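Colleague: Protein sequences appear in the order of chains A, B, C and D.
This note's numbering numbers the first residue of the first sequence as -10 and each following residue consecutively.
This note's numbering numbers the first residue of the second sequence as -10 and each following residue consecutively.
This note's numbering numbers the first residue of the third sequence as -10 and each following residue consecutively.
This note's numbering numbers the first residue of the fourth sequence as -10 and each following residue consecutively.
Keep in mind that the hints are not guaranteed to be accurate.
No distinction is drawn between identical chains; accordingly, a pair holds when it is met within one copy or between any pair of copies.
[Claimed, not checked] When the alpha-carbon atoms are kept at most 20 angstroms apart in a straight line, the in silico EDC-like pairs for lysine to aspartate or glutamate are as follows:
#1 Lys299 to Glu63
#2 Lys39 to Asp52
#3 Lys254 to Glu56
#4 Lys304 to Asp255
#5 Lys178 to Glu63
#6 Lys133 to Asp298
#7 Lys133 to Glu345
#8 Lys78 to Glu56
#9 Lys178 to Asp164
#10 Lys143 to Glu159
#11 Lys78 to Asp277
#12 Lys78 to Glu345
#13 Lys39 to Asp255
#14 Lys304 to Glu63
It is worth saying that the hints were derived from the structure and are not from the lab.
Keep in mind it's a predicted model, so treat the numbers as computed, not measured.
Number of protein chains: 4
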Amino acid sequence: MAAGSSFGKNFKVTTFGESHGAALGCVIDGCPAGLSLSVDDLMPFLIRRKPGQSEFTTARGEDDEPEILSGVFEGQTTGTPIAIIFRNKDQHSKDYSDIADVFRPGHADYTFQSKFGIRDYRGGGRSSGRETVARVAAGAVAAKLLSGYGISAKAYTKSIGPISISGYDESEKNDLYMPDRNAYEKAAKYIEGLRSEGNSAGGVIECVIFGVPAGLGDPVFDKLDALLAHAMLSIGAVKGFEIGDGFGAALATGIDNNDAFIPDKDGGIIKATNHSGGVLGGISDGADIIFRCAVKPTASISMLQQTMDKNGNPKEIMIRGRHDPVIVPRAVVVVEAMAYLVAADALISGLGDKLETLTTG
Amino acid sequence: MAAGSSFGKNFKVTTFGESHGAALGCVIDGCPAGLSLSVDDLMPFLIRRKPGQSEFTTARGEDDEPEILSGVFEGQTTGTPIAIIFRNKDQHSKDYSDIADVFRPGHADYTFQSKFGIRDYRGGGRSSGRETVARVAAGAVAAKLLSGYGISAKAYTKSIGPISISGYDESEKNDLYMPDRNAYEKAAKYIEGLRSEGNSAGGVIECVIFGVPAGLGDPVFDKLDALLAHAMLSIGAVKGFEIGDGFGAALATGIDNNDAFIPDKDGGIIKATNHSGGVLGGISDGADIIFRCAVKPTASISMLQQTMDKNGNPKEIMIRGRHDPVIVPRAVVVVEAMAYLVAADALISGLGDKLETLTTG
Amino acid sequence: MAAGSSFGKNFKVTTFGESHGAALGCVIDGCPAGLSLSVDDLMPFLIRRKPGQSEFTTARGEDDEPEILSGVFEGQTTGTPIAIIFRNKDQHSKDYSDIADVFRPGHADYTFQSKFGIRDYRGGGRSSGRETVARVAAGAVAAKLLSGYGISAKAYTKSIGPISISGYDESEKNDLYMPDRNAYEKAAKYIEGLRSEGNSAGGVIECVIFGVPAGLGDPVFDKLDALLAHAMLSIGAVKGFEIGDGFGAALATGIDNNDAFIPDKDGGIIKATNHSGGVLGGISDGADIIFRCAVKPTASISMLQQTMDKNGNPKEIMIRGRHDPVIVPRAVVVVEAMAYLVAADALISGLGDKLETLTTG
Amino acid sequence: MAAGSSFGKNFKVTTFGESHGAALGCVIDGCPAGLSLSVDDLMPFLIRRKPGQSEFTTARGEDDEPEILSGVFEGQTTGTPIAIIFRNKDQHSKDYSDIADVFRPGHADYTFQSKFGIRDYRGGGRSSGRETVARVAAGAVAAKLLSGYGISAKAYTKSIGPISISGYDESEKNDLYMPDRNAYEKAAKYIEGLRSEGNSAGGVIECVIFGVPAGLGDPVFDKLDALLAHAMLSIGAVKGFEIGDGFGAALATGIDNNDAFIPDKDGGIIKATNHSGGVLGGISDGADIIFRCAVKPTASISMLQQTMDKNGNPKEIMIRGRHDPVIVPRAVVVVEAMAYLVAADALISGLGDKLETLTTG
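Using the sequences provided together with the hints, build the complete structure.
Modeller: This is how it looks when you write it as structure tokens:
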């Protein structure tokens, strides 16, 4: 088996943990020394991921209290691995026997069983959305690092089901992270309708990374957009990725899709448009990096579904309990976190690109 | 700088070479020993990638003659690295001084210059489409390996600009690799129209991987779909990736998007539908793996474009010479090759998943 | 910075933690599913590493109580990452201000400060011998896995200072892990003499790995002996590694150093001698793998030493407190643990070597 | 199978090729752009490795003419992979049928057969000493890079069999690379005596890396000395590694082994002695890095040896042809090359260690 729980080459994150085990967490290896860091830097990100904050995210007794176990001394990173854990509370309180032997449609129950011959069925185990708490903590560390270089990421809900934003009004923050009041209201109704029947919705998350200088990304296989795609598809429920005009570029013609280079006001070079989404040939081109992720509807629905059990017997299943009717709003900060991880690794990995600026520090 | 020219963990491919350097090639490290292999196994793939085969792909004097330098003995792989090279012919024959200092819109000229402070400007250098010849050769080796396990991949043109196939008729092979005669004829006219004005078209490539057993892929970061997304976005000109219903899943509801599990005729478990595209929780679910890639229009167009030169002066550029008015048909086999590389690595990486089937050979 | 806290490719261990931070631990990624595992499997290894067990290892209030946070469900590994942590107790109880600004000779204080510009000076921080507790836990998991394949490792003290064992009597277990009663008694006196003057001793640890089948190891760079050397030199205080006859082979002639192949009683092939130490061309040859590590004397001594402080001022230092007069006995189990990690990774990494035995499980 | 033909993380080298295949070579991925490089930079290293240059290295028709295939443009590296190949000449000229089915003692024939079930038996195939030509070429590139940072490596023969140098007189260059005229003359006679009876000798190579600043190396697993040990044991025939006092440190006491820190003439910090060999806690300490490798006697000897064939039949073997009676002198430059590879990777990997000096170039 190839170990698949690490991401990044020079700013490397390893995660661990199941939704109902003792704890989840991450180890960040390669964070430069001398960065001021505390739990307070993590909380704004973790709070955005937390369930139970709105009518669209169900309170489930999760507790996202991070503990930094290593790598920080007197408020600063030391260059050694930063381990952060989150204890699971009440992990023994629920009865999961009804799903122990049955494969929930749309979930990873069957595939984990096929791969490993065993699975921690409690709450989805390793494939639970709870796994993302570790990613968000790591992303918060990357965000803190990048803030010193003027790099920031901003993700938001682009659409819920068929309802898309038509503009972006930053003041319109809401519990769907959908920055268009009109679209938000329609989306809220749409979700409410689906929830009332036990059904669920999907959507699209858009993310912009601001301030990335031209020159990051490692062709040919570790192109910046290839790593972003890898990062995003590694998030459970994400089924598609596009950068810049994305699938729209397939409909365009060359003269419309190419971005002209023009002088900026300081004598530098910028692009007149940004169809490329800030990446050309796999390397950042200095424009905003903009990409979108398709998120499928929540697989856990309170409707009768046909399935099978471990022994090959057909079963009908009705998933009990309360579930998010849409996971898009909670995934917004996860997308942002993964974007930060990609950018931080690209920044550090690019340090030795040119002989002229290579320095032994 | 993080070396970015390798792909895969246990079936690992490293590529090298510029479009107008001495040669391009790949090193395949980790191919199991005992696979019968010769140049004949590579040619069917390489021929599909070769330019100048139709009115849509311009003959440019490329020569895709592979030479296997190592790793094969008496017609069999030996387990040692397989190096394959392709000599570039006539690499000094052309005058590239017109693009030496000017950044072509839509190309990687500016970003390579920004990253490295130097670039081999001849024909795009490392960022040329010619780089894919090495990927295709490596993919052909992976295909040969996988054929023994009943795994095969098939890519084809799903759409060109606004023209999509409405069905799939396998007998309808044509120079656009578009398996629908009616759509093909429309697409051919569409491309011809654009070419006549010096413009270019994009499109969508769909790929199906058949025969992948349930259980491949390494959560949480090396999910099978995450690796496919990484692989596809690493292909120049690919701007989007989606698996299964992809962006369509964002529009669906849970009850429609979930695939029911049902018994197959042999008492096993299959899915009644395949909205997931053959991957659940990042692990293959036994269904066909189906995904799509968005390909942007050819950046090299014979129309006047605004740009800048290295010294920060605005320039107008008209790219000389003949160029493919669409690169989709040539990219079809590249998508297929990358799919084979992902599948081969996943197959080998999955060997130690379960204690019960782990064997020392 | 390249993240350096992970070891192994398919059975991969990542460690974290400082001697006086909140906790130390490891994440094991790639352990096959279905292995029965509990804290009880770790304890025999951890107990051997624990300080304060003899007159040669100082009690320092360390507490090696492992907690398994993830990857084990109902007593079995699930194939997901296994995280294990060890809480540090009383980490705030001591005053380290005397070494906060002074570089202890023989320690990593100066080099960590040079590399990172900051260091957790409490008890050596990340460079403390306490770091090995995480390695030993991981090694215990590897040992459990390998026990099912008939592979086991055994390390012991070969010499302390100038006193070497002259034979091996397994019944002679003692607190120096020196399997020769006569040598043990001399070594104990030798150490006692050094301790009484505040000085310290070094020694050599020998390790044998039994039961490794011929065929493991990945030439050319990941040869089995190269990985063992990497593993052993990654242990603090290890200054040398040799396999088989090692440095003695440099003195031998070809006819004496070559091992003849002869038939074994079952019609197989074995070697008449084992000068190679069980590895030929970087691949296991079926014989016992035998290697030795040189361990330097404890750097912490209670004698006056000349050094410098952070500000470039000469200082004299006398390291306070009780310290192990020799670290060899405690390093024995660390050597064994690292040997298990190398063997487990080689076993899993070798699964796809041959087409004929490759199976999708 | 885990691909084992790559070395390094950010300055990464992949090698390929068999002694009697079409060609051998390397791909260097991660070399910074803007380094002036040509074949002329490689030749001084390659010439030192070349056989047939003295009475101790047999002429075998090898031809070490490198061809740079990629990554260099107008005399400068471009940041893209640098591929270098060496054609094998006359690879079909010899009859190897006598060793096709027989396992030569001391060679990797049996282990390659065990691992892969097939081997290229011609001249040792991948396990031939000829494989090192690719390492030396890559090391020469690393040396060129490091020369701009004042870092250089120097390896030489420390001993041949029982004859050691007692001093170092740089003017005493000779065909054994043994820098002590008196020892050289004794060693030459010693080798001649062994050769006359068809036997062979081993020896020890010492290497010093000058100019490495304090602060390179990545604890805890990628310590600088751990990577050096890995690199050296990956060279065929190397059976031991020690740094600084090495195995001698095991005999010393703490007060003798610790290096005092003292002020240098510029107000900086240096060490009064260098028992550590320039590495403390796995990180360079600013002193010369000094290490030694034990090289076993040439396995190919013209004496009758007992062995087995593939079918399990006992055989006697007398290896035909001319062979180096000692490989130490040819391995000197290989040790140096691997030292350069480790240092180059450590230099680039250390760029992001500290926030204060981290720059985006």
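Colleague: All hints are to be evaluated individually against the structure, with a verdict given for each.
Modeller: Results for each hint:
1. Lys299 to Glu63: The answer is between: 17 angstroms across copies meets 20 angstroms, while 52 angstroms in one copy does not.
2. Lys39 to Asp52: For lysine 39 and aspartate 52, the Cα distance is within 20 angstroms only inside one copy (8 angstroms; across copies 34 angstroms).
3. Lys254 to Glu56: For lysine 254 and glutamate 56, neither the intra-copy (46 angstroms) nor the inter-copy (46 angstroms) Cα distance is at most 20 angstroms.
4. Lys304 to Asp255: Intra 67 angstroms, inter 17 angstroms, cutoff 20 angstroms: inter-copy only.
5. Lys178 to Glu63: Neither. Shortest intra-copy (49 angstroms) and inter-copy (43 angstroms) distances fail the 20 angstroms Cα cut-off.
6. Lys133 to Asp298: So lysine 133 and aspartate 298 fail the 20 angstroms test inside a copy (46 angstroms) and across (31 angstroms) alike.
7. Lys133 to Glu345: between (28 angstroms within a copy, 14 angstroms between copies)
8. Lys78 to Glu56: both (14 angstroms within a copy, 16 angstroms between copies)
9. Lys178 to Asp164: within (13 angstroms within a copy, 49 angstroms between copies)
10. Lys143 to Glu159: within (11 angstroms within a copy, 45 angstroms between copies)
11. Lys78 to Asp277: neither (40 angstroms within a copy, 39 angstroms between copies)
12. Lys78 to Glu345: neither (53 angstroms within a copy, 33 angstroms between copies)
13. Lys39 to Asp255: neither (43 angstroms within a copy, 44 angstroms between copies)
14. Lys304 to Glu63: This pair counts as neither: shortest intra-copy Cα distance 56 angstroms, inter-copy 25 angstroms.
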